[in-house]
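**Student:** Letter by letter, the chains look like this.
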Amino acid sequence: MTAQTVQQGELVTVIGLEVHVQLETETKIFCGCSTGDADEPNEHVCPVCLGLPGALPVVNEAAVEAAVKIGKAIDAEIPQETRFHRKNYYYPDLPKNFQITQYDEPICQSGELEVRVEGERRPIEIERAHLEEDPGSLQHVGGGGGIDSAEYTLIDYNRAGTPLMEIVTAPDFRSPAEVRAFLAELEEVLEYLGVFDAERDGSLRVDANLSIVEAAEADENGELSTEALESANRTEVKNISSHKGAEKALAYEETRQKNAIQRGRVVEQETRHWDESRGITVSMRSKAEEKDYRYFEEADIPPLQVAHWREEIEIPELPRARRERFREEYALDEEAASKLTSTKQVADFYEDLASEFDPDLAATWVADELLGELNYRDMAITELEDRLDEVARLVELVATDEITAKNAKEIVLRTMLDEGAAPDAIVEAEGLGKTDEGEVQAAVEAAIADNPDAVADYAEGDDGAINFLVGQVMQATGGSADPGTVNQLLRAELDD
Amino acid sequence: MSEDAVTEKDVRHVASLARVALADDEVDRFTTQFEEILDAFETLEEVPSVDRSAELTNVLRPDEKRDSLSPEEALENAPETEEGRFKGPNVS
Chain X
1 MTAQTVQQGE LVTVIGLEVH VQLETETKIF CGCSTGDADE PNEHVCPVCL GLPGALPVVN
61 EAAVEAAVKI GKAIDAEIPQ ETRFHRKNYY YPDLPKNFQI TQYDEPICQS GELEVRVEGE
121 RRPIEIERAH LEEDPGSLQH VGGGGGIDSA EYTLIDYNRA GTPLMEIVTA PDFRSPAEVR
181 AFLAELEEVL EYLGVFDAER DGSLRVDANL SIVEAAEADE NGELSTEALE SANRTEVKNI
241 SSHKGAEKAL AYEETRQKNA IQRGRVVEQE TRHWDESRGI TVSMRSKAEE KDYRYFEEAD
301 IPPLQVAHWR EEIEIPELPR ARRERFREEY ALDEEAASKL TSTKQVADFY EDLASEFDPD
361 LAATWVADEL LGELNYRDMA ITELEDRLDE VARLVELVAT DEITAKNAKE IVLRTMLDEG
421 AAPDAIVEAE GLGKTDEGEV QAAVEAAIAD NPDAVADYAE GDDGAINFLV GQVMQATGGS
481 ADPGTVNQLL RAELDD
Chain R
1 MSEDAVTEKD VRHVASLARV ALADDEVDRF TTQFEEILDA FETLEEVPSV DRSAELTNVL
61 RPDEKRDSLS PEEALENAPE TEEGRFKGPN VS
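Sequence lines, in order, name chains X and R.
Numbering-wise, the UniProt record's numbering puts 182 at position 182 of the first sequence, and it's gapless, one number per residue.
Numbering-wise, the UniProt record's numbering puts 92 at position 92 of the second sequence, and it's gapless, one number per residue.
Calculated from the structure, these hints are not laboratory results.
Each hint should be verified, as a subset may be incorrect.
Cut-off 16 Å, straight-line C-alpha distance, at most; resulting in silico cross-link-like pairs (EDC-like, lysine to aspartate or glutamate) [unchecked claim]:
1) Lys409/X - Asp482/X
2) Lys65/R - Asp37/X
3) Lys9/R - Asp292/X
4) Lys291/X - Asp10/R
5) Lys87/R - Asp93/X
To give a feel for the contact side, a few chain X residues facing chain R, derived at Cβ under 8 Å [unchecked claim]:
6) Asp37
7) Leu50
8) Gly54
9) Thr153
10) Asp482
11) Thr485
Per the computed footprint, the stretches of chain X lying under chain R, defined by three or more beta-carbons under 8 Å from a beta-carbon of chain R, are [unchecked claim]:
12) 13-27
13) 42-49
14) 56-65
15) 155-164
16) 302-316
From a predicted model like this one, the values you see are computed outputs, not experimental measurements.
Every residue gets a Cβ at the ideal spot worked out from N, C-alpha and C, and that includes glycine.
So that you can see chain R by itself, here it is in the shape it has in the complex (with noise of 0.2 Å):
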């Protein structure tokens, strides 16, 4: 078990940090999950560490040009667009 609960007021912060609108039951909800989550989450606490791969270090690749791709591609997926920008809500 983790030291210190999951509270209400926590889910809520992340909630809104994450910009999700929650409704009050879906706050329950996620209380006990994110127990269940980070209880899942402590039993990695007893994997014994270890140190990553010394050799890895600077990867670095030249400053030159690679392709790009197309505005069209580049938007493809997007849900909405206007003007060759993707198109969002409000986002103050």
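One chain only, chain X, in its complex shape (with noise of 0.2 Å):
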């Protein structure tokens, strides 16, 4: 948006976003506790993340090399030494009184990641992210089950500990869509890198810093001041827990903020709760200023110094490259790329099949037959990954001109996912077998003499006459020829 453009009273959403993840590993960030789902509650808990006297954290290797792999994935600097802080505050969510976190000297800092809206391409400066432990978690229990009604707190110390990556970005968001479109990116590369499972039940949590700010304060660029971003009062919205939820509580926040500002009133800077059953964001009470928390040297821990381990660390292919290289090496489109390679299991398996049949066949038939089937029926492909060669086989059967792409669509790949029968079963009991040539050149014959009208149309120029003549010989044949190859043969036979 240039200066001129910009029409009195017009207003630009300034967003900045703290991207909670959980880390796949085994064990929790200080103690070997499992981080695996638990039977019943205070079951993986230990001296150490219950924090009882005496007990000494010490930092899980796998949970750095995470991060470190987050750190080059994000195109972050891994500072030469990083270490951890205590960061005080009085909640039952962790027994210690203090969460172990980072504070000045973060393992990731200045990294971007480019989220694409719209077709438009734009990075996002990544400021910092860091490691820290996860906190227990609590329920609220009597009264109305509000967190203010309740009669007592029930605590469950399992998910305490397990390690988590705090993701801080700049305030670079101008939507609520870019939001989205970011955390769709960042859980993809995430899941690239095999240190995040999206389908885990909370393992993404999300607080968004919002505020609108004047249009006519933004230079010719388009880029805001630090004065102008600092001047506006911002709420920070908590408790989003997916890129959805994140679209849906920052546009109401948006439409919030906007029409306090219309009506001539002062939006307060609080800290506001995203309830996501009645959508909409309410204030919290005010919490702790960062001097509260009185962050310390954790002088359990002592500093990690990794930077080297960027190098000696290797990370694969990540979304956006293998999305450009798909589009180079097998000519996709670009939304044909983007659906192959949402997840890496989706690309390892269009790959595979690419190596072997036709990269367009392969392509159509990974993004949008299977996908498009696995996404009618609400299941992601990882549910398949016992039967991916099945899907191979019925893709061979195509390639091979075995069964019509129709059949193979509409009659085994739906059977196969709904009554998990094998395609080669299906073909067989369903008689889906190519119709031979002769049986489909005597049909074609027959239309023509069952069909005088059809066919004195046709000759009069009427090409649409022949649609009808194809159909008759599809339901002659039971839907088993190729249309196409029957329109040619309606075509020779007639055209002589």
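Each of the two chains sits in its own frame; use the hints to bring them together as a complex.
**Tutor:** What follows is the structure, encoded as structure tokens:
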């Protein structure tokens, strides 16, 4: 947006994020307790994660490796030395009365991640990303079920100590849609790295700062000055747990603030809670300021010097690079390349197919047919993990012309997904093997003999009449003939 | 002496962060005590600073599971429990 085009009173939305992601490790960040699903509350706990006196936290190497991988993926700097701090607050989700986190020397500094919204690419600056421990889970019991009216609190520390990475962006977002696109891209990258599981409940949690500033404050490049950003009152929206939720929560908050400004009211600088079920944000009692957390160095954990790991640790090809390679190597359009790289598993499967069959056919089958049918059934490709060879066999049946594409999709693929049968068995049971040429030729001749009116129409130049005849042949062959071939055969006969 | 005297307001703020309720006479008492404690710590300013041992870095453990406590052991010292969880007052 240029300054000249700005209308008086036009408003710009400014959003920055703090994204918390759970890292996929076997054990917690500072102790050997499992991070897996527990059967019972307080089953994966020990003196360290319960904060018992005398317990000594020792950093999990895998969590640090995951952090370095993330740093590499977002082009961040891994400083020569990084250390942990205690963030002091009294709340029973952490039994020590402090959280071990990182303060002024985080493990990742100044990275970026590019987002694509409506065909436009924009880099989002990532100011920092740091390691910390997840708190435990609280249940507020009794009263109206809300936090304020609850009678008492029940605490389960199974989650306490799960490694978290907190990723903090600059206030670079200009719309809730951009936030959603960023979170989706970030999840993809993290999944490619194998350090994150999006399916896991509560694995992604987002706090967002949103403010509204006058568009006139922007310079000719559309950049907003630091003063303009700092002078606007912002709200911090907490309790967002998905990318869809982020878009909804921030769209609500954007409208709420714009309405206040347009009515001449001042937006309060405050923390607000996203209430997913009601679809609104509500004011929370004001929380402590940064100095109230009395950060100080965690003396139990010596500093880390892992800058050299950045070169030593390998990371796989990332979604964006893979998308670009797919477009070049397999001549795919942007949409197909994007679908085919949406998860590492989809991309790997596509490449397997593309190495054996026509890449275009493989692309159609994975991006459109398979993902389409899975999406319709609300299934993920991970649920088909053990049956991908069956899908490959189905593509082979189409590639080698043994069944029609229409039957392959509408009958075989759907039956495979709904009933769990294998492709060859379905082809056999449904009699879908392509009709042999003689049979099709006979059906073509019969259709011409039986439908003199259509033949006459065709002869008079009504090209639509051919479709009617194709339909007759398809019906006669039970749909097993290839419509393209039938069309050619009909024209060959009629044009003689 | 510390440059900024501890005020009653400071004491009430620290107490609220620690979620401790103080009676008015306790606030007076703690204001004096905070002053004394801070004065005592000022003595540490006289201790020369030394760098920590440079060799001690990257103290890490492999990502391998160790035995956890049983839920019974974990809850053993809890004043109140319910359904295998620690039970405490409402904390809004």
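**Student:** With reference to the structure, classify each hint as holding or not holding.
**Tutor:** Evaluated hints:
1. Lys409/X - Asp482/X: It holds: about 14 Å lies between the C-alpha atoms, which stays within 16 Å.
2. Lys65/R - Asp37/X: Holds, because 14 Å separates the two Cα atoms, which is no more than 16 Å.
3. Lys9/R - Asp292/X: Distance ~14 Å between Lys9/R and Asp292/X Cα, so the pair holds.
4. Lys291/X - Asp10/R: 13 Å, holds
5. Lys87/R - Asp93/X: Roughly 12 Å between the alpha carbons, so the hint for Lys87/R and Asp93/X holds.
6. Asp37: Violated, about 14 Å.
7. Leu50: At 6 Å from the nearest chain R Cβ, Leu50/X passes the 8 Å test, so the hint holds.
8. Gly54: Violated, because the Cβ-Cβ distance from Gly54/X to chain R comes to roughly 14 Å (cut-off 8 Å).
9. Thr153: Because about 5 Å separates Thr153/X from the closest Cβ in chain R, which is inside the 8 Å limit, the hint holds.
10. Asp482: 54 Å, violated
11. Thr485: 58 Å, violated
12. 13-27: n = 3 at 8 Å, threshold three: holds.
13. 42-49: holds (count 6)
14. 56-65: Held - the stretch 56-65 of chain X has 7 residues with a Cβ nearer than 8 Å to chain R, which meets the minimum of three.
15. 155-164: Holds: 3 residues of the stretch 155-164 of chain X have a Cβ under 8 Å from chain R.
16. 302-316: holds (count 5)
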